[in-house]
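**Q** One-letter residues, chain by chain:
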Amino acid sequence: MKIDLRQVEEAAKELYIRALKRLPPDVKQGFDALAKSETDAGARRMLGTMIRNITVAEDTDNLLCQDTGIPIYNVWIGRGVEVDGVALKQAIRRGCERSTREYSFRSSIVHPTTRVNEQTSCGRGVPIINVDFSEDEEALVIEMVPKGSGSENNSWLRMAVPAEGVDAIKTFVIDCVLEAGGKTCPPTIVGVGVGGTADLCVHLAKVAATRALGTHCDDPEGARLEEELGPAVNMLGVGPQGLGGDSTAFAVHVETAATHITMNPVAVNMQCHSARRARATFRASGVEYGY
Amino acid sequence: MAHYDFTTPLTEGAVRKLRLDDTVSLNGTLFGIRDATQIHMFDRGRKTRFDLSGHAVIHTAPDVKKVQKSAAHPAGYAPLCVGTTTSDRMERFTRPLMQQCGVRLVIGKGGLREESLKAFGELGGAYLAIIGGTAALETTWVESIEDVDLDDLNPESLWKFRVRNFGPLLVAMDSHGGSLYSKVKRTAQEHRAAALRRLGVR
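Residue numbers (the working numbering), protein chains in the order written: chain A, 1 to 291; chain B, 1001 to 1202.
Hints in this document: simulated from the structure, not taken from any laboratory. Incorrect hints may appear among the rest.
Label pairs and their calculated CB-CB ranges [what the hints assert, rightly or not]:
# : chain 1 : residue 1 : chain 2 : residue 2 : range
1 : B       : Ala1194   : A       : Ala35     : 23 to 29 angstroms
2 : A       : Asp167    : B       : Asp1152   : 26 to 32 angstroms
3 : A       : Gly85     : B       : Lys1118   : 54 to 60 angstroms
4 : A       : Ala257    : B       : Ala1194   : 26 to 32 angstroms
5 : A       : Pro162    : B       : Arg1198   : 21 to 27 angstroms
6 : A       : Arg101    : B       : Asp1005   : 51 to 57 angstroms
7 : A       : His216    : B       : Ser1053   : 53 to 59 angstroms
8 : A       : His111    : B       : Pro1096   : 23 to 29 angstroms
All C-beta atoms in this analysis are idealised placements derived from N, C-alpha and C, irrespective of residue type, glycine included.
The shape of chain A in the complex, shown without the other chains:
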């Protein structure tokens, strides 16, 4: 299958605005589950307002949150897909710029030292475009994640040592959630990277934080950590917006990778309650949009 790059540009444009306006169904279900189990009256009211905001955004065709985030595009190239990789990245970048201009939303991207905003949501190395290959069907998948800064500003890496064991991982996650308090716009998805190198570990935490609710780590050891850490985090009482309650996190997601015999790295990256993402799948039959 040959990929039409004009369609990629259109999809990159469309995905950004879709992600900003519509919350995925798994996150809406996550809200419903928290609202049912929350025991604190104030926290229940706050969750109710967050749920109302999702409806208002849909009814008024508005953005869910003012923070248009750092644009991240994750691309998976399936078997038998023919595409010029350089041109693909250029098309995504053009789509990202056009989305910002044509829909007139806030460009949140500045140069790191001059702080100059090009008003295009783009800059050096941004949008972030991650390209990987997939064994699945003959399809090209593009996922768009506008990663909000409130949650991104609270990201951590600890190069623990083997003698500290899994206890170091668990303790670190609990302490990061405490440190974040209300700054990450809880309830969050707590993404945990375990293993790899320093950079891979942080990347895994991001992958975990932006994964759909209800999905689990495909490493049984990681899945077990998810099961243990989720309820433990919600015992802390940080609550929605850090103002108290049971609903600190929708879930804890873990991603793992093998690491060096001398290493025990752990990273935490969180996704705020506006856990936005959108997805386009290119098949021979056409482009399909989803989450």
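Let chain A serve as the given structure and place chain B on it in line with the hints.
**A** Same frame as chain A, but now just chain B:
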């Protein structure tokens, strides 16, 4: 727990009445400020032509659209999505905002720290929590963008919004030394040991 409907600007006495867990709705003028706005005002000596005395500021950098100036859009901007950002980054600007500009209320999300709490006590101010990430709803409380200053910093300009029934906002830090964030933080720290025990951490 009382509810207050305020029209800005406010007196020190009105703000000192506020106690933790009270709620406030605002009417009239509300100023929008952000990191860059305050870096330029307080670190680089930029002056604003706006009088912030007795007013409320919100930590924001809105999504706006440039439009023809009109009665509905006197500044030539239509508000598309007006939300709130994490306040903690701007902690060190609370005191100068109050001392140099006379600001009485700071609206934000996630809370401010001990130094801001002291400033609220000494100078007569409060922090009102909005629910972060609910910008679509918040936008429905904004009537218009009346004016804008320091607009070279766009979107981190100094925005002058006209608001109606903006809230309810929760009094999360008051002028009597109370902070809901400190309370929750203390409780959460107390729960840390139990959470680690549950995880089997020795």
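**Q** Decide, hint by hint, whether the structure agrees.
**A** Hints versus structure:
no. : hint                                       : in the structure
1   : Ala1194/B <-> Ala35/A: 23 to 29 angstroms  : holds, 24 angstroms
2   : Asp167/A <-> Asp1152/B: 26 to 32 angstroms : violated, 51 angstroms
3   : Gly85/A <-> Lys1118/B: 54 to 60 angstroms  : holds, 55 angstroms
4   : Ala257/A <-> Ala1194/B: 26 to 32 angstroms : holds, 31 angstroms
5   : Pro162/A <-> Arg1198/B: 21 to 27 angstroms : holds, 24 angstroms
6   : Arg101/A <-> Asp1005/B: 51 to 57 angstroms : violated, 40 angstroms
7   : His216/A <-> Ser1053/B: 53 to 59 angstroms : holds, 55 angstroms
8   : His111/A <-> Pro1096/B: 23 to 29 angstroms : holds, 26 angstroms
Hint check: violations occur at hints 2 and 6; the rest are consistent with the structure.
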